[in-house]
Amino acid sequence: MVTRTVDLRSDTVTKPTEAMRAAMATAEVDDDVLGYDPTVFRLETEMAKIMGKEAALFVPSGTMGNLISVLTHCDVRGSEVILGDNCHIFIYENGGISTIGGVHPRTVKNNSDGTMDLDLIEAAIRDPRGEIVYPTTRLICLENTHANSGGKCLSAEYTDQVGELAKKHDLKLHIDGARIFNSSVALGVPVDRLVRAADSVSVCLSKGIGAPIGSIIVGSKSFIAKARRLRKTLGGGMRQVGVIAAAALVALQENVGKLESDHKKARLLADGLNEMKGLRVDPVETNIVYVEIEEGLHISAGKIVKNLEERGILVMDVSPSRFNSSFNNIQSVINNRNNC
Amino acid sequence: MVKRIVDLRSDTVTKPTETMRAAMEGAEVGDDVLEHDPTAFHLESEMAKIMGKEAGLFVPSGTMANLISVLVHCESRGSEVILGHNSHIHIYENGGISTLGGVHPRTVKNNDDGTMDIDLIEAAIRDPKEEIVFPTTRLICLENTHCNHGGRCLSVEYTDRVGQIAKKHGLKLHIDGARIFNASVALGVPVDRLVQAADSVSVCLSKGLGAPVGSVIVGSNSFIVKARRLRKTLGGGMRQVGVLCAAALVALKENLPKLESDHKKARLLADGLNKIQGLRVDTSSVETNIIYVEIEEFSGTTAIKLCKDLEEYGILLMQTGLSRLRVALHHQISESDVQFALSCFQKAVNGVQNENGN
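Chains as they are written, first to last, in the working numbering: chain V, 1 to 340; chain C, 1 to 358.
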């Protein structure tokens, strides 16, 4: 009988701590649509400062953070956005940028380290002279850390290079920075430096940072003003939202400092799993571990996931021969040498 | 210096109570995207039961609730929705059903009581024989209570008749029930009976019910499944959302019974305002918690000026036209606040008249 559950499916499963709950209960609030909620205002101001941008906007989810950013940069009909073929926006956001926003995606191959080759990005930019048959490229999106590549970090140098490319062609640059703090910590680069080249960044507070709900978009004042309006249109305009912004403020204070230790635990787990016959683990940079099941093992990912679940270990299967787990604030280290 | 604020701008300004805050603090939560947050599940089940529908879905706002409802009912490209020319969806939701959802709106004139004439609704339904040039009508939307028409209630008989028209033509019926509980209380009709004819209803928890955030959509199981997916697409999929749902559950329990007294206070205020020379209120049309105040020309003031003057007294209102104000009552406005507001109105209007030498 399972008496202990270790949920490694995602860093979104984090539950609010005592301090967060207390902050929620006492938060100063007001109607953030009619005027502004003081606590969310504090959070937005703080995040803008941390990220080195002019302004910020709290939104219910990372999906909305990215959707608003893409749609605001591409607010003219007939726009195209360049993004990785294996990026979260393209794969896991229900195609909303197109189905809801009418923006056309142009994918470029993601390398295994989460980057896209610069020359391939440049080749994907539409020549305005062909506009009679082309959409208009307006935006490039990067993702840092890159989830599907195993939580890989994009360096400040690479990001700057993409930023220069964008500027050269008069495009905007958006970073899906759901896990940007993980990247900043792993690289040892201050987060504002890391995203300096970007016009906008979406940052999740509900993942490794551990808040119950929400993301933040940061960018210029004019960008955020448009974003606020689009947020309302999408239905993300919440009233006394300070109750959740309060938890996010606590999360920022308490948990950014713990990310380094999540990375250590991930490496520990990765090393341990890699030593097991039949399993192969991709290189680990942050808090996400992808595990390949070698053919000789003759067990599918689905079966392993199920076996682990019976033992109280929850992981996510991503294909018949691959599963992943992510670390966040888990106090104990798993030693599952006996499990398979 | 102003010490006392009476915020009559909207019932959305309600702040969470102590019990709500305690509930938020102690809420049982889970990842509502990976599976189902238990407190959200509890709220959604409860709301579905109350509204007499199969299932419910918690969303961050009434705007999202309406957007999702219209878009799910009208999921095929080339759809058209019939709605009031003065409805909230058409006027105050940034045209999202079109700009984001590609749905075409066909407006029908709203009468003063919030209804649309049945024959005009029927005339607005597109004849499928002309589909080569017409979009396809899929949905009719009603709004109850009707915000722009003074919080007036649509009766159950009217709602049923519109439901019959919808069925006759193979259309769906959605009710923007942001303030449906106000209607139910004012009419003395159980809320599930009131919305029986509707395929879906959006219900605000953050207005008169006083929760800090959120609305709930109710409908059939299959409708809600689609709605949940569209909610994710729009970015409304929140993680440990039980913290907000816990407050909403308290709101349902504590504040539903208080709506009747909000209506009483509204009538008291309406009568009082109507007696002030220079102001006019159609008191017979104050059915729930919303009052529209007309400023007579001879008063010598405008809506902007009166709002500003009253703000200095600590009374906050919404200006809705050059000579029109809106007042909304809620459970955090006491009877003494109402009396105080009346006296401030009197002073403000008299003050102007004295200025103008009336």
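Think of the hints as simulated: they come from the structure by calculation, not from any bench.
There may be inaccurate statements among the hints.
Lysine-lysine pairs mimicking DSSO-like chemistry, simulated, CA-CA at most 30 Å apart [to be verified]: (1) C:Lys308 <-> V:Lys306; (2) V:Lys306 <-> C:Lys253; (3) V:Lys232 <-> C:Lys232; (4) C:Lys253 <-> C:Lys226; (5) C:Lys308 <-> V:Lys15; (6) C:Lys253 <-> V:Lys226; (7) C:Lys226 <-> V:Lys306.
Verification of the supplied hints:
Pair hint Lys308 (chain C) plus Lys306 (chain V) does not hold up; C-alpha atoms about 65 Å apart against a cutoff of 30 Å. As the CA atoms of Lys306 (chain V) and Lys253 (chain C) are separated by approximately 41 Å, the hinted pair breaks the 30 Å bound. Between Lys232 (chain V) and Lys232 (chain C) the CA atoms are separated by roughly 16 Å; this keeps the pair inside 30 Å, and the hint holds. Simply put, Lys253 (chain C) and Lys226 (chain C) have alpha-carbon atoms about 29 Å apart, close enough for the 30 Å limit, and the pair holds.
For the given pair, Lys308 (chain C) sits about 45 Å from Lys15 (chain V) by alpha-carbon distance, which is inconsistent with the 30 Å threshold. Between Lys253 (chain C) and Lys226 (chain V) the alpha-carbon distance is near 38 Å, which puts this suggested pair outside the 30 Å criterion. The straight-line distance between the Cα atoms of Lys226 (chain C) and Lys306 (chain V) is roughly 28 Å, inside the 30 Å bound, and the hint therefore holds.
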